[in-house]
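Trainee: With chain A held as given, fit chains B and C onto it using these hints.
Protein chains in written order, with my numbering: chain A, 1 to 453; chain B, 1 to 475; chain C, 1 to 280.
Hints are computed from structural coordinates only; laboratory data are not their basis.
Bear in mind the structure is a predicted one, so any value in this text is a computation, not a measurement.
No farther apart than 27 angstroms at their CA atoms in a straight line, the calculated lysine-lysine pairs in the DSSO-like style are these:
1. B:Lys124 / B:Lys13
2. B:Lys392 / C:Lys105
3. B:Lys325 / B:Lys222
4. B:Lys13 / C:Lys105
Chain A residues, not near chain B, derived (Cβ > 10 angstroms throughout):
5. Thr110
6. Val202
7. Lys213
8. Gln311
9. Lys327
10. Gln374
11. Thr408
Positions of the beta carbon are idealized from the N, C-alpha and C atoms, including for glycine.
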Amino acid sequence: MKKKVLATLLATAMTVGCLAGCGGSDGAAEAPAAQEPAAEAPAAEEAPAAQEEAPAVEAPATAAEGTDPVANLVAATTGTVTLKVWASEEDQDLTNKLLDDFKAAYPDVTFDITLGAESESTAKDTVLTDVEAAADVYAFADDQINDLVNAGALQEVVANYTFDVVNENVTGAVEAAAVDGKVYAYPMTADNGYFMFYDSSVFSESDVQSLEKMIEVADAAGKKIAMDISNGWYIYAFFQGAGLELKLNDDGLTNTCNWNGQGGTDVAQAILDLTASNVLVDMGDEDMATQIAEGNVVACVNGTWRAETAQTAWGENYAATKLPTFKAGGKDCQMSSYSGYKLIGVNPHSENIGWAMLLAEFLTNESAQTQRFQERGLGPSNIAAASSDAVQANPAIAALAEQAAYATPQRVGGNFWSPAETLGQILASGNPDGTDLQELLDTTVEGITAPVE
Amino acid sequence: MKKALNGIGNYFKNIGIAFVKGDVWVKVSAVLMGAGYIARNQIINGIIMFLVEALFAVLCIGYAAPNLAKFGTLGTVQFEQVFDPLTMTSTINDYDNSFLILLNSIIALFLIVVFLIFWAANIKAVYRLQQKSENGEHINTFKEDVLALFNEKFHITLLTLPAIGIILMNILPILVLVAVAFTNYDQQHMPPSSLFTWVGWSNFKNLFSNSVTVTFGYSFRKVLIWTLVWAVLATFTTYIFGILLAKFINNKQTKMPKMWRTLFIIAIAVPQFVTLLLVRNFFADSGIVNTFCTNIGLTDFLKNVGLVPSNLSYIPFLTNPGWAKVMIVIINIWVGVPYQMLIATGVLMNIPEDQIESARIDGANPLQIFAKITMPYMLFVTGPSLITDFVKNINNFNVIYLLTQDVFVTSDQLLANSNAKEVDLLVTWLFRLTNEYYNYKMASVIGIIVFIICAAFTLITFTRTIKGDKEEEFQ
Amino acid sequence: MKKTVNSIIRHLVLLLLAVVWLIPILWLFVTSFSGYKGINTAHFFPETWTLDNYMQLFFRSDSIVQYNRWFLNTLVIAIFTCLISTILVLMVSYTMSKLRFPGRKQLMSFSIILNMFPGVLSMIAIYFILKTFNLTNSHLGMIIVYSAGAGLGFLICKGFMDTISVSLSEAARLEGASEAKIFFKIILPLSKPIIVYTVISSFLVPWGDFVFAKLMLNSGIATDWTVAIGLFNMLNKSMINKYFSVFCAGGVIISIPISILFLIMQKFYVEGITGGSVKG
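Extracted from the complex, chain A is given alone in its bound form:
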């Protein structure tokens, strides 16, 4: 098994022509073959392509010729290498297996690796409380990357050792892992965005093109469509979809937002109208899971983490697709979304930073991503792993790919969340105070764009 992993690794490294010795005692002998000067070439090709879409991502430097850092590291390592790893609760079994593989890949080194459970969505909270006590290698969702980088909790990926992180992962994922053009993390999955799940016994493929139609159909069936409207992450879909803008300023802290501009009130009115039907309901993720299982919710806006629930409940009628359109100010707007990625980061305060980086690479390489898909159904960010037939055939991942055309990477300052959440709450509950919509949006935007001292 471990031979196979090594072989795959090496093959990948060589075919892409990029760098690096495979670790281990026998790695030293094989290493020079992989270290062709040509290694720089693909990176150079990639650079202009990346520059077209906003943050250009610099490919990390490759190691100098004639040296093998990994072999050096192995040689320089005496005593036990202690590493602490955090992976989400659901990822524990798989990560444990990968950790064993990692230890086996470096038989000459004694490892003491402990695995802790920390959900990707809350990693930031635990890390920021005390960066020095955080794990050496940890998984997190890409929306946290700005805060983590600002807090100095991520080691810049200045070099790759076992595979080329920038070129072997999809561009979106690499951009999500980068801040100001510097890569700070290793993409692990490319499936952290949202799209539409539906029960195909209720909706036809043409029904799910428009939200209005879906509501009509669901109403006729006496069922509900669920979306977490009182949540900044999801409500973004409407405003962005209608062509309004929300983006992070260059300072990396504050936001620019024109949701209160031309057409903003139309979107707000659209959300009011859509929820007034009481068919599209504002519902949190946990409730959705129960309601899907109970059979009350027949379609929902959610992400791959709910695929299992939906599949169990709807069986062969389980289907997924891109988000529908909605009517704002008389015209159809395609709902947008945040594309989301899960990343693995290395803590710069780690005592064994070299090993932490190697481990982070190991946990995100093609083989690991393939296993992650096979065992947990998570969509790979690795280009080779993502192109396999099995991945392409997965409905949830296909829906994500379809939605990708309308998705934007999540780059937003911390002041966005509370005001946007409240805006969603007010609209979803039918604007109970009857506040003028323009005024409502003005206050929201003031909150979102508030300066950060």
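Mentor: Okay, now just chains B and C, sitting in the frame of chain A:
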């Protein structure tokens, strides 16, 4: 107040007197602490004193000085780390950690103050020794000194250990956080990667001012009002219902009072976080109570009455501000009444029967008896614990946090802009500010305000009870 | 006749109230036997009954459920916490109640006010203080957190000691007993009820606290946790639909010993909080 000032004045006067009137040994003691003792043949005391001084000197040089030197700026050297891709190792510079500087400086300052008090006590003690030896009085041997610690100085022995714990766990953290209120310690200035520094009173100004973007003033006012309303409601509802329930169960006509009491106690014997998290799911928007209410038509009825917004298909027990506030108070009654019932039972059993009897003969009805005799007696006995409950409710973190965290979304935009919610108490707000937004500076300011409010309530009531006669009543 | 009707109504009202108070507890109990792992929103009683949730707690430990370890951890922490807390509380309450020394009242007012400071705020400072001693992520650190400041909670215990007649200690003092001897030989034996109260109430602290524990035990490794964090963690957004009934089972299990202790304690609780007034 005047008395306190006098006391402080006397304290320094006595040190002065001791120093001026003392002989050469007392004066040497001011520099070399053990000297005065050794001169009076208290060799071991002298050595201990000397060791204390030496230890203090070492601490000053090794610990206090380097930290206090940076106390004015809270550090200037930013964290820098360089990773070498070839050796795969990183080098970290000798950076300043503002928080550790602050923490260590405060500990150092604290130690210095303690030492100064110790030093003053030493001079006074040595002067007293001098007086004793001049008057030819008996000077304690070391053994006698130790024995005194179990007799007339027993309080020192008993209080030392608790005091150390309290200093470590309560006083030092409070001092640190008071200091943080005057810095810009927040998510943009978080050690170890960034430095923070002193900003004076600007955080306090933020809390009391209001601008378009800084809504702390608005939120503070709203949260404070709800905190006080909540504390009053929570305290009095549980108190009154507790007494009523206790009376009801204690009534002679009630059969098996013990069994009934136990039934109510079972509800609170389950750990609070378990029951509260459970109740939260019980009353969730798509929870079981809502299913039930929909089935019996209550939801539709409330919709028609206008208590539930027409676009909802459920009762927003914990998600609508009005509903949530009412529900929290009700659930708190559920949690708190059994406790109050227990206390009330204990007190009621001791109400002087003859008073009630004579009132009854005078023709008072049960309501009058309750209002004129039972309640005043209850208030007299449980008054202090009522105030404690009030203060505890101001700080009632568990009930609010466990019932509304992750569930309640505010629909007040100005509150949202400063990360507050309608149902927040000051403590839950400051907890969220630190835990989710790392806004330690504002949280500290709010914490200080909470502290002042609580301290004021306590001072008013407890000084009365402490000074009151109750303490000596049975002695 | 009227009397019987009255009596029936009275008991019916009590029964109704008791049902209201016990329904959530009953729900906890029945859900712990539910075959469906998520939250059951349609039925009060589970549709399928199983012991699987309990089996999972005790026999199928994984990186999320480590109930046996949690229970052991919490037990160890609780035992030491209650030992140290009780000793500290007794020391302070005896001093404040029975000894007279200059500055006593000021010290009392001061400590009562000190006790008012919201604990959640000083949390982060305590964390870093303990971190400098390398005590975070250790159970020793937790014991210190729970017990070190216990001396401040002396009020109830002192109130009780105030009611112990001073003539006893006076008599002993005349016979030449030292203050220490009076403390150990006379006051302590007479304070048994309040000691029991203090022991049990401090024993219960670690079982119910999740705020401090979550901050201090932040390694993410389930075997380090206490019951409270473990159970709290099960209601995480990503876990609640797979672990809700397991959470209920865990809640039932810790409730059993705690309820028993609580029932023992309540008697002393009343005596303590109402102080001497009850006796008088």
